[in-house]
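So the protein sequences, as listed, match chains A and B.
Reminder that position 398 of the first sequence reads as 398 in my numbering, one-by-one numbering, no gaps.
Reminder that position 168 of the second sequence reads as 168 in my numbering, one-by-one numbering, no gaps.
In case anyone wonders, no lab produced these hints; they're calculated from the structure.
Misleading hints may appear alongside valid ones.
[Said to hold, decoys possible] Below, simulated BS3-like cross-link-like pairs (lysine-lysine); rule was C-alpha separation at most 25 angstroms, straight line:
id: 1; chain 1: B; residue 1: Lys143; chain 2: A; residue 2: Lys650
id: 2; chain 1: A; residue 1: Lys647; chain 2: B; residue 2: Lys143
id: 3; chain 1: B; residue 1: Lys142; chain 2: A; residue 2: Lys647
id: 4; chain 1: A; residue 1: Lys9; chain 2: A; residue 2: Lys569
id: 5; chain 1: A; residue 1: Lys31; chain 2: B; residue 2: Lys46
[Stated by the list, open to error] Derived list of chain B stretches under chain A, where covered just means 3 residues or more per stretch with a C-beta under 8 angstroms from a C-beta of chain A:
id: 6; stretch: 50-59
id: 7; stretch: 77-87
id: 8; stretch: 93-100
id: 9; stretch: 118-126
id: 10; stretch: 155-168
All C-beta atoms in this analysis are idealised placements derived from N, C-alpha and C, irrespective of residue type, glycine included.
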Amino acid sequence: MTGLRHIGKSVRRKDGPDKVTGRAVYSEDVKLPGTLVGRVLRSPHPHARILRIDTAKAMSLPGVKAVITAEDTKGVKHGFVETPRYPPDQDVLARGRVVYVGEEIAAVAAVDQMTAQQALDLIEVEYEPLPAVFDPLEAMQPGAPEIHASHPKAAIEVPYANIGGRTTSGWGDVEEGFASADYIREDRFESHLRTHGYLEPHVTIAYWESERLNVWTSSMGTFIKRAKLARTLDLPYSAIRVHKAYCGGTFGGKIDLYAHEYCAARLSMLTQRPVRIVVNREEIFSAYRHGQPLIIEIKTGVRKDGTIVAQQMRTINNSGAYRGSGVVVIFLAWGFTMIPYRIPNLKYEGLSVYTNYPVRAPQRGHGCPQVRFAIESQLDAIAEHLGIDPVTIRLRNAREPWEALPNGDNVHEAGLIDCIKLAAEKSNIIDHYGKGRNASGTIRRGIGMGVSGYFGGSLIYPNGSGVIVKMNDDGSATVLTGGIDVGQGSETVICQIVAEELSLDLDDVKIISSDTDTTPQDIGAWISGMTYVTGNATRQAAGNVRRKMLDLASSRLNVDAQSLAVEDKVVFNRNDPHQRMTYREIIAYSIATKRGDTILGEGFWRTMRDEPAHPSLATTKGRWSENYAFSCQVAEVEVDIETGEAKLLKALTVHDCGFPMNPALVKGQIDGQVSMALGHAFLEEIITKDGFTLNPNWLDYRMPTIHEMAASDDADVITEQYVVGQPYRTKEVGEGLVSGILAAIANAIYDATGVRLTSTPFTPEKLLRGLRQLEREKRAKN
Amino acid sequence: MLEARSAQAQSPAAVRSRIIELTVNGERHEILVKPRNTIVEVLREKIGLMGTKHGCEQGACGVCTVLLDGRAVLGCLTLAVECDGKSVRTVEGLAQGGQLSPIQQAFLDQGAVQCGYCTAGMLMSATALLERNPKPSIAEIKKALEGNICRCTGYNAIVAAIQQASGQGVEPVMR
Numbered sequence: 001m002t003g004l005r006h007i008g009k010s011v012r013r014k015d016g017p018d019k020v021t022g023r024a025v026y027s028e029d030v031k032l033p034g035t036l037v038g039r040v041l042r043s044p045h046p047h048a049r050i051l052r053i054d055t056a057k058a059m060s061l062p063g064v065k066a067v068i069t070a071e072d073t074k075g076v077k078h079g080f081v082e083t084p085r086y087p088p089d090q091d092v093l094a095r096g097r098v099v100y101v102g103e104e105i106a107a108v109a110a111v112d113q114m115t116a117q118q119a120l121d122l123i124e125v126e127y128e129p130l131p132a133v134f135d136p137l138e139a140m141q142p143g144a145p146e147i148h149a150s151h152p153k154a155a156i157e158v159p160y161a162n163i164g165g166r167t168t169s170g171w172g173d174v175e176e177g178f179a180s181a182d183y184i185r186e187d188r189f190e191s192h193l194r195t196h197g198y199l200e201p202h203v204t205i206a207y208w209e210s211e212r213l214n215v216w217t218s219s220m221g222t223f224i225k226r227a228k229l230a231r232t233l234d235l236p237y238s239a240i241r242v243h244k245a246y247c248g249g250t251f252g253g254k255i256d257l258y259a260h261e262y263c264a265a266r267l268s269m270l271t272q273r274p275v276r277i278v279v280n281r282e283e284i285f286s287a288y289r290h291g292q293p294l295i296i297e298i299k300t301g302v303r304k305d306g307t308i309v310a311q312q313m314r315t316i317n318n319s320g321a322y323r324g325s326g327v328v329v330i331f332l333a334w335g336f337t338m339i340p341y342r343i344p345n346l347k348y349e350g351l352s353v354y355t356n357y358p359v360r361a362p363q364r365g366h367g368c369p370q371v372r373f374a375i376e377s378q379l380d381a382i383a384e385h386l387g388i389d390p391v392t393i394r395l396r397n398a399r400e401p402w403e404a405l406p407n408g409d410n411v412h413e414a415g416l417i418d419c420i421k422l423a424a425e426k427s428n429i430i431d432h433y434g435k436g437r438n439a440s441g442t443i444r445r446g447i448g449m450g451v452s453g454y455f456g457g458s459l460i461y462p463n464g465s466g467v468i469v470k471m472n473d474d475g476s477a478t479v480l481t482g483g484i485d486v487g488q489g490s491e492t493v494i495c496q497i498v499a500e501e502l503s504l505d506l507d508d509v510k511i512i513s514s515d516t517d518t519t520p521q522d523i524g525a526w527i528s529g530m531t532y533v534t535g536n537a538t539r540q541a542a543g544n545v546r547r548k549m550l551d552l553a554s555s556r557l558n559v560d561a562q563s564l565a566v567e568d569k570v571v572f573n574r575n576d577p578h579q580r581m582t583y584r585e586i587i588a589y590s591i592a593t594k595r596g597d598t599i600l601g602e603g604f605w606r607t608m609r610d611e612p613a614h615p616s617l618a619t620t621k622g623r624w625s626e627n628y629a630f631s632c633q634v635a636e637v638e639v640d641i642e643t644g645e646a647k648l649l650k651a652l653t654v655h656d657c658g659f660p661m662n663p664a665l666v667k668g669q670i671d672g673q674v675s676m677a678l679g680h681a682f683l684e685e686i687i688t689k690d691g692f693t694l695n696p697n698w699l700d701y702r703m704p705t706i707h708e709m710a711a712s713d714d715a716d717v718i719t720e721q722y723v724v725g726q727p728y729r730t731k732e733v734g735e736g737l738v739s740g741i742l743a744a745i746a747n748a749i750y751d752a753t754g755v756r757l758t759s760t761p762f763t764p765e766k767l768l769r770g771l772r773q774l775e776r777e778k779r780a781k782n
Numbered sequence: 001m002l003e004a005r006s007a008q009a010q011s012p013a014a015v016r017s018r019i020i021e022l023t024v025n026g027e028r029h030e031i032l033v034k035p036r037n038t039i040v041e042v043l044r045e046k047i048g049l050m051g052t053k054h055g056c057e058q059g060a061c062g063v064c065t066v067l068l069d070g071r072a073v074l075g076c077l078t079l080a081v082e083c084d085g086k087s088v089r090t091v092e093g094l095a096q097g098g099q100l101s102p103i104q105q106a107f108l109d110q111g112a113v114q115c116g117y118c119t120a121g122m123l124m125s126a127t128a129l130l131e132r133n134p135k136p137s138i139a140e141i142k143k144a145l146e147g148n149i150c151r152c153t154g155y156n157a158i159v160a161a162i163q164q165a166s167g168q169g170v171e172p173v174m175r
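Here chain B stands alone, though its shape is the one from the complex (with noise of 0.2 angstroms):
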């Protein structure tokens, strides 16, 4: 882990880069990417998109969800080049008009965001679950968010913000 992994193999340079085409939170984009640039880096760095976080960079985490065609996959292990031609969309593209969508309302008043650290993931996890399933179970909701840690809120906050956002009688307990 900490032998320092040698990186002369492949140097910046000799690695040629590609134009990506992509369309995100409903706007076009035409990136030059290196074939080994994740989506997370391209739309921050590139993008300027910075809602969405690097966590732990192994795919296990679930901080850097992101939908690519409407489903959840996560951004550390998705690389650029395979969005070509796709669609993305992030946590800046949930709000329309300065109404922020029920979902994101629905973890304001539940209680169900506090670092804030995991939820940008956990709101696009759950923006995806919801777009194909509007009234999920609770083992439906626990399976669609089996890859977002959070560590704040033990999730029973974030379960009711779901169960808010599809209207199953879940009432805010902040206002």
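Okay, chain A solo, but in the shape it has when bound (with noise of 0.2 angstroms):
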């Protein structure tokens, strides 16, 4: 990567400037003349019939300028997944039953808050409860209270209630595998769950204008909204224009179409005047979408030396309500299960079942997670059992570069040996490792290890992005793209992009970013591969540029294309320097003798071109991607014994993501990964009752604070790199990396301790569980 001057350095961030001073704009500060304030009514029931909603007296009120239900609707369902197999299941307000606590039924659009809140006071619904059910276990059991349907074909294949999706995949012979091992060991896991913790609430804006509807909304990506609004309101595409506004976070749950999103638009329909609704805490809390809490039963066969010979894989996953992303977890689960290491025989099953909780969403790592905690865990012990270290094992199993995965993706240059070894050497992990348990005193510290590995970019909607970019007669260059940074750094990485390409000055380069009217489609930050796709396109549409203004000056000039150069807004004849144009004069040379043409490059990019769709969710049948990253990562914990409190001190990542664009903004994904683990390990619940929330804020639900703060090392295995005018490999670093390290934090308790923790959170009631039954086992044996 010699000679790059933007590519691989921290260059400081294209919108910090706006965000320090308090002008970058989010949807919450769109101010908009005539606004009125949207409202939602929301169950109160986990599961009722609705027999009546009366809205005359809401409507009577004044101020009350719109009330709306199911009635004033298309009809049309949406749901994350949109598939033959798994259709659109979810209708934007609840038609004739609701499933959960807080599920939208109506919405009003008022004049204020105040009005707002009184009209939602005013509607009158009769509902008839039904029974619930929240524990995925019993409403898999014939005769539980039935909340969909269950899936066709599960059904046909498993006799449990209320499925909502099977996976199912494997190869080899795990009997035969099974067999052949010396030793098995079965486990089950369980996962609990957490809030996205996305500080800046769920807003929308939405103004229906001279028949075009106009949307502000936090989001992970513009076009999936735009598609999902044109469908459930049938407009066209060309009729919804969804603006930049920058997000204030999103960790997976500002994708899809959430129902405010829906009610704001058809309010200002309705109205023809602008309609906000703002999700408070307590909404998000009790109502919104959050991760999936899975129970993974697994079984492992090994041989002495710790080779993996067969596995044998269950998952559960509680899916909520609808089917939101509970299918895709199911199947990310088999994936997240298959990256890391070689497991000759697989048998895999995935079960999402609906239970009267709220819809579930992607959440970072999107089961990644609860995955590794599972299989790392397991792991560990079966190498205690063996009495080979943590590192071996894992190199033992670990996959080479350039192997094929079963499902017929290659791993190209893996750094995963690499990411162990430098992870063991960095760390010392084997010289401390085992010291912990024997140690004395009531303050225990213990050392860790976990593996993880991570698509880049898959297919799902819109599939592919495009880039523009428009040279302008100074010779700087503004970039069109429909990205959006939602504190990644995308701004930030594309504009290095067109400047290494153009050899531009950071400053010469302008962007514009995710707005569906003005810049092209884009996948949007969601699927761990805008670096890659959006990168790449526009890699290519400033190459475009790049060729187009040499050809211009080759003309010019009378010089052989191939002997110019670039450098500092000039081409110039490498064997005789005088000879040069400057960007501003190519641009208007061009201008004066191509008819006008100014100098324009489109860019273009899809993942794994030959490939037509995304794998089956189903059957995991299909390629998923063409960018794994791999990761170690090592935890040192302290464990108080007596009070079983336990916390993460200092936490090492090594990574292979192929290369660091932007090491500083890299390093952020890494440090925000470990905290999120860390508040995943120790402090993150949501607890509930009877489908309520009991603790639907931040003082009853704990993210980590600055007191939580871990030392966060890390280090990258570079396999990778960025050549001028060519296209390049990069991998994912923006979600993967919460799973090794809760991974590593329970095995480094374990460490500590000698407490196996098969659940998370890992909290002081169960450590000083499980440290009791250990002594119990220690006097029994004595």
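Once you've looked at the hints, go ahead and assemble the two chains, each given alone in its own frame, into the complex.
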């Protein structure tokens, strides 16, 4: 990566100055004259029939401009997944029945917040409560309250109730594999419900004006929002403009369509005025989409040397009351199982089970933290049984570069082995491991390791990204991208690529992003592929501009284009640097001689362009990604064995993201994921009872504060490179790193205490229970 | 929680408004407010300063932190009427003459900004800290920022930014 001026450098964020001065415009900052306040009426029951809705009193309240219920919608359903097997299943407003507490039933638009709230009080809804079910295992029992009919195919295949979807996969012969194993271990792991914790609440402003809908909304992808609004509102895509707004954190929780977005749009269409809906934190906690608690049953067979010979796994997902991304998680759980380690024989089954909880969404890692916690915990237990250290057993099974995965993907220059070796060396885990358990005193130290792999980009609407680079008359450039910056720094990286390809200063590149009217379509910030997909489209667009300018200079200077070089907005003859043209001159020359042509470049990229669609969610058949990132993380924890309190002292992340385009932005992703993982491990849990959330605020639901900050070291294993004018392969870094460190924390707690926790979070209660159990076992032995 | 809260008891028209005097970032304002209006509402909706964000509106996240007579307060829990005759500083008041303040610059240099939603509140808490304690220790930084949640950065870069701004030997990592 020599000779690069911008790529690989920690340049400051393009959006930074606006964000530190308060100028950056978020959805909540959009102010339009005459804006009405929208509010949403939500179900107070986890499961009930709606017998009657009467909005007459609300409608007649002075200041109320519109009230909508399911009757005022087009009846078009939507869903995170919309495939022939899994068609959309969710109404934008409940029709006839509510299936979770907080489900949207009606919405009002009024002149102010108080009037809107008062109007909600005046909507009369008569319910007939129905039996509800919250535990997925209970929901699966025949005779359990039926939330929706089970998926027709799954219903034939498995004798359970409330099955929203099923994934099966495997290869080899697990029975034969287990028969050849020297040691077989079976475990069961459970994870818990956590919120994404984005600080900006959901805010939507919609304004129907001159037969067009303008929308500003907190989102991870404006093009998918446009598509879903168009379908549910029955409008052409061209009638909707989703404007750019900065987004105050997402972590998976602002993708897909939300009912309030539909309601703001519909209410604006009815009132012909802007309508603004702010979803407050209590509503987000109680009724919005969170992550997905999984039950993971796993049986693994190994040889004496620790080589995995067979693995059998069953995942049960509590998917909430609609399909949501539940059927994706049970597919992904298979994927996150097979990426890092070679498994010669695998049998996998994932079940997504309806319960009377709010529908679920992706959440940073989308199942990966849960899966790696299970697999890495079990692997450590196996290693201990076999008398192997945690590094050796991982190296024994880690995938080599250029291995083909069983689904046909290739891991390319996979850096996993180097990640494990470097992490072992930097942390000195082998020397420290096993000491904590035998230490004296009440404060115990422990160290643990976790490995993970993550896909980067896959095929899901809109499947590809386009980018336009426009040259301005003064030789500066403007880049138009649909890619949205949700904090990860995509605007900065896209500008770095343009500046690198065109040999410009970063200040010479301006960016216009994520506006569905003025920028080309983009995959969005939710499939871990923007640096690769949108980045390569950007590189291609800028490359086309460069080629055009070289061709123009070649014809004007009468020099072969091969002999021309580019530096500081000047094209010159390498053999005779006096022969030169500035960008400004080239652009003027183009306009003068080519019928007014200014210089524009287009670029497009799609991952796996020979692959028609994403893999089957039901069978996992088909290719998934061409960019696999790998990581090995080490956690050092401290446990107070008197109180059971544990904390993360230090995290080490060694990872292969290909190459870091902007090392400081990559570091920001690592630190943020370590922090999120320690929240997952120790602090955060949504507590519910009968479908109601008992801790719907940040005082009762604890997110990491600055006091929980852990030291976070990192190292890159560089496996790819960036060459100007060439396609590049870079890998994911924004969500795969919650997983290894969560697993490492669990393993470090075991190392410190001898207590193997099989469910998250790692609370003092669970740790003390484990310690007491160990004491009892010790006494029994003596 | 989801039970609709009755608003009938205090219909908006029934509550008498008051005029308050505020100095915001050095400029004097006379503003008509309802007793229930918070300072963050008044800043955003009456004065048009949108840099201070609404967070949880329950006093738990620190997003809406502003300085009231130099002291960091939660904008969502501070009524505008309490600020009558006082001086308020917001994120818009930090840069002087187009020049970022050292703490703003340090946030950029250290990568302490990602989504940017906590940033205004963080900057105000950090500014209050540095004005009363020009060389804070890490423990003092943590104490001053304990009410400001950041979900993106894990806080490491934010601590480094405050150390950089207070001249404690931390060099910029971004250029």
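Unsatisfied constraints (hint numbers, rising): 7
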